[in-house]
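From first to last, the protein sequence lines are chains H and D.
Every letter in the first sequence is one number past the one before it in the working numbering, and letter 198, counting from 1, is 198.
Every letter in the second sequence is one number past the one before it in the working numbering, and letter 142, counting from 1, is 142.
Just so you know, these hints were derived from the structure itself, not from any lab.
Quick caveat, the model's predicted, so the values are computed rather than measured.
Hints are supplied without guarantee of correctness; some may be wrong.
[Said to hold, decoys possible] No farther apart than 20 Å at their CA atoms in a straight line, the calculated lysine to aspartate or glutamate pairs in the EDC-like style are these:
hint, chain 1, residue 1, chain 2, residue 2
1, H, K77, D, E138
2, D, K146, H, D109
3, D, K89, D, D110
4, H, K157, D, D166
5, D, K153, D, E138
[What the hints assert, rightly or not] Pair ranges (Cβ atoms, derived):
hint, chain 1, residue 1, chain 2, residue 2, range
6, H, D143, D, L150, 26 to 36 Å
7, H, A160, D, K146, 46 to 56 Å
8, D, E138, H, R133, 33 to 43 Å
9, D, P160, H, E56, 27 to 37 Å
10, H, P80, D, D147, 21 to 31 Å
[Unchecked claim] One side of the interface only, derived from the structure: several residues of chain H facing chain D at Cβ under 10 Å:
hint, residue
11, M76
12, K77
13, W86
14, L87
15, C95
16, V113
17, Q115
18, Q161
We put the beta carbon where it would ideally sit given N, CA and C, even for glycine.
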Amino acid sequence: MALNLPENVMMTRLDQLANWVRANSLWPMPFATACCGIELMAAGASRHDIARFGAEVMRFSPRQCDLMIVAGRVVMKMMPVLQRVWLQMPEPKWCISMGACACSGGVFDTYAVVQGIDRFMPVDVYIPGCPPRPEQIIQSVMDLQNKIQRGGTLNGKEFAQRSQSEAPRPLALELAPNEAIVAPGDFANATRLRDPQDP
Amino acid sequence: MAHDKLLALLQERCGAESFTTSLFRDNQRVIAAPARLFAILECLKLDAGFDMLADLTAVDYLYYPDAKDRFGVVYALLNTATGERVYVKTYLNEPDLQVPSAFPLWKGADWMEREVYDMYGIIFEGHPNLRRILMPEEFAAFPLRKDYPLRGKGERHNFPVLTRADG
Chain H
1 MALNLPENVM MTRLDQLANW VRANSLWPMP FATACCGIEL MAAGASRHDI
51 ARFGAEVMRF SPRQCDLMIV AGRVVMKMMP VLQRVWLQMP EPKWCISMGA
101 CACSGGVFDT YAVVQGIDRF MPVDVYIPGC PPRPEQIIQS VMDLQNKIQR
151 GGTLNGKEFA QRSQSEAPRP LALELAPNEA IVAPGDFANA TRLRDPQDP
Chain D
1 MAHDKLLALL QERCGAESFT TSLFRDNQRV IAAPARLFAI LECLKLDAGF
51 DMLADLTAVD YLYYPDAKDR FGVVYALLNT ATGERVYVKT YLNEPDLQVP
101 SAFPLWKGAD WMEREVYDMY GIIFEGHPNL RRILMPEEFA AFPLRKDYPL
151 RGKGERHNFP VLTRADG
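Chain D extracted, bound-state conformation (with noise of 0.2 Å):
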């Protein structure tokens, strides 16, 4: 449906107050806090029929100019239907990084906030399985944060070394 019917849609069904949209050509996203993400995303997949998660990230806004939370997870709904998309942001500031998890409604979303959780440090609250899933378990920092550096701090080079004599 259009960007106004769907606005419209959210509107009536979740309460005007609880989101914001925004739209730039075909790209339109709806902006919610985190209290209220869970509803807005149940409204969409129930009401407006984007039955599909496509992608689930988060964004890091340290550096970022003109920046006024430090973390954004973003949702990626799409409508199989009739190929719509809509992308639902929420901020987040530490130290409370908790997010409702998405897997009740998505099966899908079960390993990307497996993701999210391993590179950001999001914790998704309800969610059956929150480890790391890419890197190993015992890493003790997130990697995709701006302040991590990119060559790490030094647990890639921390292994026993094998000489040949050793056999």
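Bound-form chain H, shown alone (with noise of 0.2 Å):
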């Protein structure tokens, strides 16, 4: 039995209308710490316009956001900020990772900077560089409206499956407390292993 549609009447999926609602305007919160924040002002100005993605209503206020892009490194006292900033924004919700620094700790291996803010938050999409450009801004809000639009529902059933952490497995590389390096006077042995008892 074929239907007679009129012009102006389309059937879909109600999943799918979601979707297609949700990925094309996303509203970002941008949680900016630092200089990646300005490529982001840039992503949003008039030459590279995240307008055109349905991302321009850049809101300050997490409760008005769906989409948190985390722009820059964030400190250790920052992080709980972040935490809460993210809890405040109501679901559906996704998050951007903008940034070497924010992606892993980027150049700054150090005792204050988070290595990465997935060890303890959820990331949807993840954008190297640093700072990345404008484009690759906009190219990161395309992937997400894909993800949103391959796997979405009404009703946000597919983020409960995410339980378990995402954050990355610890490297090899990575120091025990009493091998960490530890600067010495003289800097040709830099960066050599130093033993804690000899100076």
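Put the two chains together into one complex; each comes in its own frame, and the hints tell you how they fit.
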């Protein structure tokens, strides 16, 4: 039996409709802590216009956003703040980790910088770069739109599946605290492991 | 004023035994003991005209060859009228890492001393609000000491893990 639909009626699944709506109107929460924030601003400006993809409304209140873009390094003093802001965002929500520092700590492998926010927070799309160009930010928004349209549901059931931490497994090179490199007086030997007993 | 004039002024006002000086090109230094430090700083500010504290920092000489003391605290003073600079240094050793605070002389010493306390653990007596400024309050170590590892002792990864199912 063929349905005779008028021109302005289309048939779809509720999930697909919801995905289409949510993907094309992602409102970012710009959690810009450092230099990547400038490139995020550039992506929102007129030359590389993220508004073309629906992500124009950068609200600074997490209650009104559904996409958190963590742009910049996150120090240990800021990590609880980041987690609290993430928890304040209503469902459905996604997270983009922008730049090398948010993805893995970047060049700052120090006592104060968290080596990747995905150790403590769920991330959907990663953008490498230091800083990534605005075109890469736009590409990541497009990738997230594809991800939402491929796997999203109306009432967000796909989020409940992700109950394991998605943090990276510790690399073999990660040193125990007693083997960690201490800056010596002679900088020529600074890259060698130092015996803690021997000054 | 020239180095020898400054030296003469300090010797006259503060006593010749309480400090030593050294000079290399235009970099003049005054080295004092912690007990005489505040008097020297006061004399430099009020009599010699060094009205600006440009910087206050510390050095850890732990692995430094030929070092006699563990910590040095450095005050960089600037005479805004003549553009002259002098560096005042004092040396400290554990266990008594206390120095009188320069806050009564220069209000800019407030945060600079907090930073030195946060990074090295040097206590400034008489400081109105000596607490950590860069690291979180509950941080338990002094990171810029030479025996503290660059990557820390696990404090940076001590947070609860949020998974996507938590919401």
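Margin query: For a quick check of understanding: which of the numbered hints are violated here, in increasing order?
Written below: none
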